[in-house]
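Given only the sequences and the hints, what does the whole structure look like? Please build it.
This is what each chain is made of:
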Amino acid sequence: MIKNNDPVLTRTGRTSRLRFALALAPVLLGASALLAGTAAGAVSVAFAGEVPVTVHAARVTGSGVSASPGASGRGGLLPALATRVERATVHDACVTSTAHLPVVGAVTAVVRIERASATGLAVETGKTTAGSVKLSGARFSTPQRSLDRPTGLFTVGAQKVSGSRVTTQPRAFTAGTITSEGVAIELRQGEGGCAPGVAR
Amino acid sequence: MTIAIRPGGWPAWRQGRPFAAGLLLALGGLELICVSWVGLGFLRFTGTAGAASWTLGALFVVAGVTTWRTPALRYFSGVLAAVLSLVSLVAANLGGLLLGFLLTAVGSALALAWIPQQAPAARKEA
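Line by line, the protein sequences are chains A and B.
The first sequence begins at 46 in the numbering used here and counts up one residue at a time.
The second sequence begins at 401 in the numbering used here and counts up one residue at a time.
A few of these clues could be false.
[As the list claims (entries may be wrong)] Estimated spans, in silico, between C-beta atoms of each pair:
1) Trp437/B with Ser142/A: 47 to 53 Å
2) Trp437/B with Phe185/A: 33 to 39 Å
3) Pro516/B with Leu74/A: 25 to 31 Å
4) Glu159/A with Leu473/B: 42 to 48 Å
5) Leu180/A with Trp437/B: 31 to 37 Å
6) Ala420/B with Phe185/A: 55 to 61 Å
7) Val465/B with Leu67/A: 22 to 28 Å
8) Ser181/A with Ala420/B: 53 to 59 Å
9) Thr187/A with Val483/B: 45 to 51 Å
10) Pro411/B with Ala66/A: 25 to 31 Å
11) Ser142/A with Val465/B: 20 to 26 Å
12) Ala412/B with Leu74/A: 49 to 55 Å
13) Leu74/A with Gln415/B: 27 to 33 Å
[Claimed, not checked] Below 25 Å or equal to it, Euclidean Cα-Cα: the simulated SDA-like pairs (lysine to any residue) are:
14) Lys172/A with Trp437/B
15) Lys172/A with Leu79/A
16) Lys205/A with Ser162/A
17) Lys179/A with Val201/A
18) Lys205/A with Thr448/B
19) Lys179/A with Arg129/A
It is worth saying that the hints were derived from the structure and are not from the lab.
Computed from a predicted structure; not experimentally measured.
Glycine included, every Cβ here is placed at the ideal spot set by N, Cα and C.
Right, dumping it as structure tokens:
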């Protein structure tokens, strides 16, 4: 049904700049407080990402860890180790990510973190190396569809894991909450970043 | 369904409601979902951030459409979007990597700042 409603036809409107400023100010104030709290480690944020990064950490501890091989990427083309950690903490970490921009060229973001903890962490990694790894309560299982037809996949788990001089390249990650302390962000032109074992 | 045809066409429709506010709210919501969608391509699930991104993104789109369809509800949708934009900072990938937060924060402020005006012909009838 098509209706021609004359009184509505003449209605217009305008935006009051004063009202706009009054409405935007408390939101920006609240956002500043939240971001400051996040940087200080007082506020946890939920995060899920697919940014290609390299992480170097002097020390990593985790509890409730389980890892199994899988495939990641569009169409499942890349082999990856899918790791689930109930609670993880990294000390003296350095995260680097290089983006190739059209005009500027390669730009590397370097994020140095004194301490960060995450809960409900799921990571798909393509490569992980560590100077030393300590496991407690380790388990190994091979899921089977039936007794005579194993699937071929396995799961490695541990109640507690700690590692030192860890370098990993997560392809994707998600975390229920992330809390970080002592965060410093630096942008550099060109490639490069943190050398392994030189997180800070 | 009733469709009101305005003689002024598109410009009159756009000026008769907080158009920019609704547009920014909807775009911000879609941006939150897009950031989460990228993660979904890799992981089977994206945890809290993924669920919150989809929920908040959908609410922002609804708020934007409400602002367009029913300008009288602009205060409700504007305040709701302002609060949710702050929630998105901690719950949804840092507010869709801050871009979604900025879009929805400005959109909510524009919704609250919009003042309807009526032409003299309409005032006579009132």
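Here's how the hints hold up against the structure:
no.	hint	in the structure
1	Trp437/B with Ser142/A: 47 to 53 Å	20 Å, violated
2	Trp437/B with Phe185/A: 33 to 39 Å	35 Å, holds
3	Pro516/B with Leu74/A: 25 to 31 Å	28 Å, holds
4	Glu159/A with Leu473/B: 42 to 48 Å	47 Å, holds
5	Leu180/A with Trp437/B: 31 to 37 Å	36 Å, holds
6	Ala420/B with Phe185/A: 55 to 61 Å	58 Å, holds
7	Val465/B with Leu67/A: 22 to 28 Å	25 Å, holds
8	Ser181/A with Ala420/B: 53 to 59 Å	58 Å, holds
9	Thr187/A with Val483/B: 45 to 51 Å	49 Å, holds
10	Pro411/B with Ala66/A: 25 to 31 Å	27 Å, holds
11	Ser142/A with Val465/B: 20 to 26 Å	36 Å, violated
12	Ala412/B with Leu74/A: 49 to 55 Å	37 Å, violated
13	Leu74/A with Gln415/B: 27 to 33 Å	31 Å, holds
14	Lys172/A with Trp437/B	24 Å, holds
15	Lys172/A with Leu79/A	34 Å, violated
16	Lys205/A with Ser162/A	15 Å, holds
17	Lys179/A with Val201/A	14 Å, holds
18	Lys205/A with Thr448/B	23 Å, holds
19	Lys179/A with Arg129/A	17 Å, holds
Going down the numbered hints, you'll see the structure goes against 1, 11, 12, 15, while the others check out.
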